[in-house]
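As given, the protein sequences belong to chains U and P, one line each in that order. Using the working numbering, the first residue of the first sequence is number 5, and each one after it goes up by one. Using the working numbering, the first residue of the second sequence is number 5, and each one after it goes up by one.
Read the hints as simulated data drawn from the structure, not as lab findings. A few of these clues could be false.
Note: identical chains are not told apart, hence a pair may lie in one copy or across any two.
[What the hints assert, rightly or not] Straight-line Cα separation of at most 25 Å, DSS-like style, residue types lysine-lysine; simulated pairs: (1) 367 x 291; (2) 55 x 316; (3) 19 x 372; (4) 86 x 316; (5) 6 x 316; (6) 6 x 211; (7) 295 x 86; (8) 128 x 316; (9) 19 x 80; (10) 372 x 142.
Note that the structure is predicted; figures quoted are calculated from it, not measured.
2 protein chains.
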Amino acid sequence: MKIKYNLLKTDKNCKARLGTIETNYGTVETPMFMPVGTRATVKSLSPEEVKDCGSGIILANTYHLWLRPGEDIVNKCGGLHKFMNWNGPILTDSGGFQVFSLAKNKKDITEEGVHFKSHIDGTKLLLTPEKSIEIQNKLDSDIAMSFDECPPASADYKYLKNSIERTLRWAERGKKVHNNPNQALFGIVQGGPHEDLRRFSAEETVKLDFDGYSIGGVANDGESKEDMYKAIDYSIPYLPDDKVRYLMGVGDPIDILEGVERGVDIFDCVLPTRIARHGQAFTRTGKIHMKNAKYIDDLSPVEEGCDCYCCKNYSKAYVRHLLSVDETFGGRLLSIHNIRFLIKLTEEIREAIKEDRFLDYKKEFINKYNSK
Amino acid sequence: MKIKYNLLKTDKNCKARLGTIETNYGTVETPMFMPVGTRATVKSLSPEEVKDCGSGIILANTYHLWLRPGEDIVNKCGGLHKFMNWNGPILTDSGGFQVFSLAKNKKDITEEGVHFKSHIDGTKLLLTPEKSIEIQNKLDSDIAMSFDECPPASADYKYLKNSIERTLRWAERGKKVHNNPNQALFGIVQGGPHEDLRRFSAEETVKLDFDGYSIGGVANDGESKEDMYKAIDYSIPYLPDDKVRYLMGVGDPIDILEGVERGVDIFDCVLPTRIARHGQAFTRTGKIHMKNAKYIDDLSPVEEGCDCYCCKNYSKAYVRHLLSVDETFGGRLLSIHNIRFLIKLTEEIREAIKEDRFLDYKKEFINKYNSK
Chain U
5 MKIKYNLLKT
15 DKNCKARLGT
25 IETNYGTVET
35 PMFMPVGTRA
45 TVKSLSPEEV
55 KDCGSGIILA
65 NTYHLWLRPG
75 EDIVNKCGGL
85 HKFMNWNGPI
95 LTDSGGFQVF
105 SLAKNKKDIT
115 EEGVHFKSHI
125 DGTKLLLTPE
135 KSIEIQNKLD
145 SDIAMSFDEC
155 PPASADYKYL
165 KNSIERTLRW
175 AERGKKVHNN
185 PNQALFGIVQ
195 GGPHEDLRRF
205 SAEETVKLDF
215 DGYSIGGVAN
225 DGESKEDMYK
235 AIDYSIPYLP
245 DDKVRYLMGV
255 GDPIDILEGV
265 ERGVDIFDCV
275 LPTRIARHGQ
285 AFTRTGKIHM
295 KNAKYIDDLS
305 PVEEGCDCYC
315 CKNYSKAYVR
325 HLLSVDETFG
335 GRLLSIHNIR
345 FLIKLTEEIR
355 EAIKEDRFLD
365 YKKEFINKYN
375 SK
Chain P
5 MKIKYNLLKT
15 DKNCKARLGT
25 IETNYGTVET
35 PMFMPVGTRA
45 TVKSLSPEEV
55 KDCGSGIILA
65 NTYHLWLRPG
75 EDIVNKCGGL
85 HKFMNWNGPI
95 LTDSGGFQVF
105 SLAKNKKDIT
115 EEGVHFKSHI
125 DGTKLLLTPE
135 KSIEIQNKLD
145 SDIAMSFDEC
155 PPASADYKYL
165 KNSIERTLRW
175 AERGKKVHNN
185 PNQALFGIVQ
195 GGPHEDLRRF
205 SAEETVKLDF
215 DGYSIGGVAN
225 DGESKEDMYK
235 AIDYSIPYLP
245 DDKVRYLMGV
255 GDPIDILEGV
265 ERGVDIFDCV
275 LPTRIARHGQ
285 AFTRTGKIHM
295 KNAKYIDDLS
305 PVEEGCDCYC
315 CKNYSKAYVR
325 HLLSVDETFG
335 GRLLSIHNIR
345 FLIKLTEEIR
355 EAIKEDRFLD
365 YKKEFINKYN
375 SK
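The whole structure should be built from the sequences, with the hints applied where relevant.
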């Protein structure tokens, strides 16, 4: 079967939604955060560790898996779930974000698809909407993304207008070749911070009838928080209530709260694992730099009261030591902590929506998060 | 309490010994292999993973922990066990091996100790027998090593003779300042491949009455296998039966078998984790290179029949993929496999000694290991 989204309730005081997604690999609750497993592994973690963080769905990257080991290899190994030993649901992106950042000039972006050079060996490659879907069909993820154009934050109105029209044609082409009966396919709304473009993109994408909808173009370099919130605000009203909504590439705690308030159900981001490798930890009172000298003999956990494996078993002093001497176990421990932090945030968000107190919860969280 | 070694039996056909070591952190069986946790972490693994490999004791490095985070920090954190969350026994080396490799010329090696520059920032440092023991006392390992001179494999007879005499004086100085009632202290036998020097070193070290004895100078660069076996053969007869014997720095499967046959109880080596990071796996038919292109779509585990976490859950294709794209989870999986391989080897060795068939077991293992 494909996924089934169930809207359980909406908070009385805002658009925050509580729901579930039924998949072939179990039912997950929304709002939720998806850890990113770019190359069929959430960096430095085992599937069991990711699951122990409370994760529902994880994300894997089509572009990276297409290049190595190749979708046919993954398919021969029984699909992504079996390949990486993850028995929960998986979402794959379209590869669009990566190839657009690799395309060197405008003429590389054609109606057919995007021409670019492999980041590994410089081989000239072409990714088309059909190819993206074909790869995702073979990877056998539970949710596939349509291939969309990811315009830079600097793109002007005229460029964006043409771009969303092409993205619609690409969405239709992708939908036509999609042929995995166990895989849902999402459409993607673009349009920058422009109300009319977002509305047009959302309405036309919904007409194509996808299994869920993503809001794209919000995690590029350089766009402001305000533009991100506008992009959500201008897209959501035109998306159907009975389909799940996914804000792509967003994982900052405050952005998650802002997204949920506006009606978003799913988030993903490399942030928790990336900052972990650089020694940063999320805490309720903001991010802290674990390499800081003041932690050298600090016997307390990274965050007092946190229920993650790192905080239950190790001191700041030990984590700081591991990071200082470049031992990978340090980044691994912080990755667990940071993922658990975001998952726990979504657990609390769900509790709050259940009790119609999401806005209070959000306010309280943000006050504390910005308090230091 | 300090450790207590119990000799359970000796194989009827050779010197292979079956025994146990009682420690404050549980009883472990010998012959055994100790994984190396240089900087208070077995590279890339959690303590639970190391334990799941069947490990008894792990080794940590005095030199590295002295420099970072410093023995006082570890002590303040409750000692090594608590610091790194390892509730099994820990052995620390003396730091000798590292500082001798950092000492640039002969005049750096004095009666007082060894002058050298820190590998981190070039700071001039001096490690003495007293300092080594003081650091180990504070690290609070279960077994400490005496500070010995580690002469290069090229050292001549005259040099070695003077060296073992100084090592004896150093052993005595270290023993005098040792003051951790929960920590055993081992003496180290040196003497290169020379029968009379090994005998002298062993007899004189035993006179100082240590809690166990190590055979050193066998894992340097350049010495031959033959010299290693000689070093063992010439040392063992002069070591008491009721004390445990540790061959330092040796972890090649065949060397372990050769050592056990000659009466060695404990081995340690960075080999299983180091070769794992480079993509090599131990198997019963010899080492294999997991990055080899032929494994790209190989659905079988790294080793058929292996009971480790890696082999029970992942294919060669997946492990190869992780290694090919430099994902640390690949080295982690192979580290688990390689450590489990050596631990399993020692488990089988113990079973064989129990049934007086160690020599048959050894022959069979080596024939198979060298068969490809």
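Violated hints, by number in ascending order, as checked against the structure: Failing hints, ascending: 5, 8, 9 and 10.
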